[in-house]
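**Student:** Residue strings, one per chain:
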Amino acid sequence: MRCPRRKTLQAFLDGELPEKTAKELEDHLAECRTCQDAAARMRSDKDLARETLRRLDPAGIPMPVLGHDGTPATRARPVHVRRPWAAAFLPSPAAALLMAVLFLAGLFLGISLRGGASAVRGTEGTTSPVAFYFAGGNAVRAVSLDLDLNGYRPLEQPRVILIAEERK
Amino acid sequence: MFVPIYEEHNTMRIKAEDSRAECLDFAAIYKGYLPRVYSFGYRLLGNSEQARDLAQEVFQRLYRQWRDGRAVQDVQGYLYRAAANLCTDWLRKEQRFRKGVLRSFVPAEDPADGAAEDMIKEEKIARARQAIDALPLRDRVLLGLYQDGLSYKEIARSAGVRSSSVGTLLARAIKKLAKRVHQGE
Numbered sequence: 000m001r002c003p004r005r006k007t008l009q010a011f012l013d014g015e016l017p018e019k020t021a022k023e024l025e026d027h028l029a030e031c032r033t034c035q036d037a038a039a040r041m042r043s044d045k046d047l048a049r050e051t052l053r054r055l056d057p058a059g060i061p062m063p064v065l066g067h068d069g070t071p072a073t074r075a076r077p078v079h080v081r082r083p084w085a086a087a088f089l090p091s092p093a094a095a096l097l098m099a100v101l102f103l104a105g106l107f108l109g110i111s112l113r114g115g116a117s118a119v120r121g122t123e124g125t126t127s128p129v130a131f132y133f134a135g136g137n138a139v140r141a142v143s144l145d146l147d148l149n150g151y152r153p154l155e156q157p158r159v160i161l162i163a164e165e166r167k
Numbered sequence: 000m001f002v003p004i005y006e007e008h009n010t011m012r013i014k015a016e017d018s019r020a021e022c023l024d025f026a027a028i029y030k031g032y033l034p035r036v037y038s039f040g041y042r043l044l045g046n047s048e049q050a051r052d053l054a055q056e057v058f059q060r061l062y063r064q065w066r067d068g069r070a071v072q073d074v075q076g077y078l079y080r081a082a083a084n085l086c087t088d089w090l091r092k093e094q095r096f097r098k099g100v101l102r103s104f105v106p107a108e109d110p111a112d113g114a115a116e117d118m119i120k121e122e123k124i125a126r127a128r129q130a131i132d133a134l135p136l137r138d139r140v141l142l143g144l145y146q147d148g149l150s151y152k153e154i155a156r157s158a159g160v161r162s163s164s165v166g167t168l169l170a171r172a173i174k175k176l177a178k179r180v181h182q183g184e
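Heads up: the sequence lines are chains A and B, in that order.
Per numbering that gives the first Met the number 0, the very first residue in the first sequence carries number 0; after that it's consecutive.
Per numbering that gives the first Met the number 0, the very first residue in the second sequence carries number 0; after that it's consecutive.
Here are the computed lysine to any residue pairs in the SDA-like style, where the Cα-Cα straight-line distance is at most 20 Å:
#1 A:K45 / B:K175
#2 A:K45 / B:G148
#3 B:K175 / A:M41
#4 A:K6 / B:K175
#5 B:K178 / A:R54
#6 B:K174 / A:D46
#7 A:K19 / A:A38
#8 B:K120 / A:R54
#9 B:K152 / A:P17
#10 B:K152 / A:R5
#11 B:K123 / A:A58
#12 B:K178 / A:R49
#13 B:K174 / A:T33
#14 A:K6 / B:R161
#15 A:K19 / B:S163
#16 A:K45 / A:D13
#17 B:K178 / A:A39
#18 B:K123 / A:R54
#19 A:K45 / B:V180
#20 B:K123 / A:D56
#21 A:K45 / B:R126
#22 B:K174 / A:A37
#23 B:K178 / A:A37
#24 B:K174 / A:C34
#25 A:K6 / A:L16
#26 B:K30 / A:G59
#27 A:K19 / A:A29
#28 B:K178 / A:E50
#29 A:K45 / B:K174
#30 B:K175 / A:D46
#31 B:K152 / A:T20
#32 B:K175 / A:A38
#33 B:K123 / B:K174
#34 A:K6 / B:S163
#35 B:K120 / A:R53
#36 B:K30 / A:I60
#37 A:K6 / B:D138
#38 B:K174 / A:R54
#39 A:K45 / B:T167
Just so you know, the hints here were simulated from the structure itself, not pulled from any lab data.
Based on the sequences and whatever the hints tell you, model everything.
**Tutor:** Okay, structure coming up:
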């Protein structure tokens with residue numbers, strides 16, 4: 000066997016050569032002084048490199064952070080993003096929408112009750128599941144929206160259903 | 000040195016809509032490989048914060064593959080390849096950023112308590128860090144993979160080099176590193 004190239008010698012030191020080639024190289028090394036020296040130098044460099052790299056090992060390993068479904072959780076990073084004002088509602092858009100509807104409904108009822116005449120006594124019609132209470136004048140009234148809007152124009156002739164009324 | 004590798008997970012064919020059991024499989028892969036990916040990143044980046052970010056990003060990538068139902072044949076190879084690519088990108092960016100700025104201005108990572116032995120140890124670590132940082136990026140990545148005990152084939156796949164050149168590249172990188180260490184002493 001001729002003197003091996005450096006990459007072959009490196010592969011030999013790393014145990015990456017096929018058995019047959021490794022055996023041939025071993026036999027060659029037993030005879031060739033130059034290759035013995037080269038191999039010794041490479042081995043010492045390799046040990047030094049391994050030792051140097053070992054020093055760079057971390058002192059500890061972080062614990063895996065897993066989400067509830069077993070997937071890696073995203074680490075919160077301090078990212079500065081300009082948030083639009085509407086983002087304040089993002090945590091629960093449904094809740095924000097509900098609040099808006101209730102507010103508008105309340106406004107609508109308030110206005111229609113002021114007119115006074117359009118409140119219907121009793122439970123006729125289809126009431127909304129939310130009741131509103133108004134304390135005004137000499138009575139406390141519980142009213143609800145009339146949802147039975149067939150053949151009826153709510154904006155022009157707002158209709159609420161008076162569920163309960165208590166006069167002082 | 001490392002937490003045992005989950006060899007049985009090295010082939011992963013999981014679809015996102017599959018059962019929770021496979022979710023747990025992903026968790027096992029994550030737990031099993033996290034120490035390796037983290038150590039690899041730490042060795043190259045020299046910073047626990049960045050190493051943690053790297054590990055997180057690498058596993059997020061694997062998770063996205065898994066979620067989208069794309070088969071990953073060789074999980075270990077995938078993780079190392081992703082880690083090596085990210086490290087290279089980050090270090091390249093950092094090099095550009097730090098051009099002309101001395102590395103020694105960067106605060107030492109994980110400072111130990113002030114005992115004399117610790118100071119010697121820190122000194123050794125600093126020298127090792129200086130030696131490795133002086134190498135070209137590709138050499139650093141190759142040595143990082145080499146130190147993790149990957150075979151030449153695996154190193155070739157992860158670092159994106161031909162497997163026939165791994166021996167030559169490694170021999171050169173090792174020699175350069177040894178020379179740097181000798182110079183630093």
